[in-house]
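**Q** Residues per chain, in single letters:
There are 4 protein chains.
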Amino acid sequence: MRPVLILMDPQGRKYPVALEESMVRVRGLGTFEAAKLLASVGRKVSVGDRSFLVLAASSRDLRDTMDRGPQTFAHKDLASVLFEADIGAGARVVEAGSGSGALTVALARAVRPNGHVVSYDVREESLAVARGNVERADLAGIVEFRQADVRQGIPERGVDAVILDLPDPWAAVPAAWEALRACGHLVTFSPNMEQVKETVAAVRGLPFVGVRTVEVIEREMEVREVGVRPSFAALGHTGYLTFARKVLDKF
Amino acid sequence: MRPVLILMDPQGRKYPVALEESMVRVRGLGTFEAAKLLASVGRKVSVGDRSFLVLAASSRDLRDTMDRGPQTFAHKDLASVLFEADIGAGARVVEAGSGSGALTVALARAVRPNGHVVSYDVREESLAVARGNVERADLAGIVEFRQADVRQGIPERGVDAVILDLPDPWAAVPAAWEALRACGHLVTFSPNMEQVKETVAAVRGLPFVGVRTVEVIEREMEVREVGVRPSFAALGHTGYLTFARKVLDKF
Amino acid sequence: MRPVLILMDPQGRKYPVALEESMVRVRGLGTFEAAKLLASVGRKVSVGDRSFLVLAASSRDLRDTMDRGPQTFAHKDLASVLFEADIGAGARVVEAGSGSGALTVALARAVRPNGHVVSYDVREESLAVARGNVERADLAGIVEFRQADVRQGIPERGVDAVILDLPDPWAAVPAAWEALRACGHLVTFSPNMEQVKETVAAVRGLPFVGVRTVEVIEREMEVREVGVRPSFAALGHTGYLTFARKVLDKF
Amino acid sequence: MRPVLILMDPQGRKYPVALEESMVRVRGLGTFEAAKLLASVGRKVSVGDRSFLVLAASSRDLRDTMDRGPQTFAHKDLASVLFEADIGAGARVVEAGSGSGALTVALARAVRPNGHVVSYDVREESLAVARGNVERADLAGIVEFRQADVRQGIPERGVDAVILDLPDPWAAVPAAWEALRACGHLVTFSPNMEQVKETVAAVRGLPFVGVRTVEVIEREMEVREVGVRPSFAALGHTGYLTFARKVLDKF
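Protein chains in written order, with my numbering: chain P, 1 to 251; chain V, 1 to 251; chain L, 1 to 251; chain Y, 1 to 251.
In case anyone wonders, no lab produced these hints; they're calculated from the structure. Please note: incorrect hints may appear among the correct ones.
Note: identical chains are not told apart, hence a pair may lie in one copy or across any two.
[Unchecked claim] Pairs of lysine-lysine residues, derived as DSS-like cross-links and limited to a Cα-Cα distance of at most 27 Å, are as follows:
1) 36 <-> 250
2) 14 <-> 44
3) 250 <-> 44
4) 14 <-> 250
5) 36 <-> 14
Whole structure, please, built from the sequences with the hints as guidance.
**A** In structure tokens form, the structure reads like this:
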């Protein structure tokens, strides 16, 4: 499997590389010989009078170079979802909605090579954007997109995790319970505390354990010779993550 | 592969199950028939007059039921390391020091089934505790423990990630660069700002890109019918994470 | 006006001094000559084989040595209330409830020498504890305690600030508006988001401007020769502060 | 004493009013009859086809409408300094440097009517900006500006508090100790941890007690009918505050 590449300029700006054929295209920079780029991973290449490092795209790089909608998952929240829901090789995961696909790509990378992600959205446009991002990340074989409303039911059974990023996740909690295997993970993401409250109430009404809600905050540090301090820049809220695990009996 | 099990009581306390033979032992609770527990995943079982849920251990459960030293990795930091360093199936990872093995177990789970973790520590006792935790998590085939000082060199080459949890990570940065493949990830963990500063200086002196230092804060929310609010309980500092990626050329 | 004194031991523990007569009593330590202590401010005194520094009590010291109930105002929140509500010399302030008097004492100190604080509580016991703390802080002349329910009305008029620390502050918002002078400050304190929401709705229904809700977080730093870092210890939630200013016209 | 006024538009923008004569000038809005504005505190006035609320300036308003340099004290830090250093009516305070005068104005307001602030800066321009802001806040009688380097000594004696906002506060710590009365407060403000470390070392070398360093974080909440959540906006670092109290003996 050849890597997904990006080019990075000296200012740290990242340019995704579309590795479709023997020649590849980089938006804003022109076309390149694919073989030459693949042979230059970790090295500097010149394009006219500019120079770039050729990098194998990390999860962070993929997220940073995606086509995006307004509500993309932050790195810190992706990290927490993957860890807390045990998303690893071979996992079968259901996600709704697809949004712009930032979570879809992260899930798909994590379940490689033999896992599977089903990503639901009711909006045609979201599915199109997310599918484009998944394809550019070379993960199309892992993900199945479906246009449907998971609040009406999730046909999958025995899945390892269900991730809900919906305005009203509580409405899909019963369908998520049905779809999950015993000990499978439910994760919901919501910006507002009212959503959290209603979701947690729905979760507590069914056989789930380990119900926790957290906010993850990532504080960037400025480390310079003249002084070390937290960044003056933004540390804003993104949303609350609620975690729970399906069981078959209640205490 | 049979799952690692834990028992959870109605108060949420978790008891690790040592699934070694046809009969298994649970510290403080007695012995059980292994087959019966394995058939009861997600279900309630009774032990005398107490009842427990049988759970397939999650990454969180494994971390929570480990034999521990004083400086165990927190969940939030494990999540960030795994995501930011792209630790997934098949990855080859070097870690130092082993500590009590919390990070070792998380890394080993993440690289299953075909990855590999080499865990270095200079202290015999740390290696023993970490090895015990790795065995209990049924991950012994994935991890190799070595008693050595990585500041003197890391013999591995072409590894995907090097994670340093040492008092003086900067002293091992050159060895980490040598061990990493192009675009491989270096991660260091340090509680103090001075350590961060010296580490970042060492990293900037070699061909690394994407150098970032963050503090991850996880804030637990209390979600009750009478009111939603952040927890009154602790939100303490654990440490700073520094990330960087090896390249072969400098700008 | 003679200062309120405390004794501090080498571990930083503080002992309030009841300066009632020529001889003073310190709980747990015995009795002392008042004149001698007053002459030793900033100096070390010996009591048996122990030694103490004699300190003029700061606002922080007063708060730390009070008789307390379970829900005492934190320093960080006291600081924010005093600053944001412009509590200074001569201010006339209404507070409800008295609680254990931590806010009462801070308000009274801030409005000295010629201001006035009226402190309401429905519970006899709270008033007794708060009154004791105010007397020990030598502020009895500044504060008037009243047993009444401010939700039924606040008879004062033209006051500079109203501070509400009640389970249902929204129910007292109309009475607060009536009591305030034009441009006077309303402050409410609530642990839960639902309380904040209902309070803000009540405030927005009346002529108030500058409506803001904040959470103040104080992070203590460990500064040692071996390393500087945020404290490992608690950084818990206390509550949300909502601020608003009365106006006479609405836009 | 007539109040300092501001005009606030429906979007919350604040316009400082220069109340110098019978006619007053508002930058960007024109001139007004002073008597009419003073009679309209808390009320709406019309200027052409725009309308404004006339407000008596709060401490927050004064800070928000100042002429500013790049490094103005944040509200949250002003609140903490005033509270922790017991800055109240009658206090005698020394400050260095003056900066743009944000702290100077807050200190001067807090020590009214009979306190005194001496504000030092080595830069002529800072003194000019700060003096302008103090005059506009009608506090000129409380503050004395001096162009001098406090690291060379502070001639005042017996002051209640010394506040240092300098690049190298440690260099002025001995002078601050000399200037303070017994139990007087020292406060220093620094963005970087190296500055904190060197300052705390200097403080610990002299008879000071109650040495604490904190970072104050203020998190704004969005409270809307559709949902309550922390703000998506910035929550950046401003600096660390170190507090200490002078004593005459060491343990």
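**Q** Hint by hint, note whether the structure agrees.
**A** The hints, checked one at a time:
no., hint, result
1, 36 <-> 250, "between (59 Å within a copy, 19 Å between copies)"
2, 14 <-> 44, "within (14 Å within a copy, 51 Å between copies)"
3, 250 <-> 44, "between (59 Å within a copy, 8 Å between copies)"
4, 14 <-> 250, "between (49 Å within a copy, 16 Å between copies)"
5, 36 <-> 14, "within (19 Å within a copy, 54 Å between copies)"
Consistency note: the structure conflicts with none of the earlier hints.
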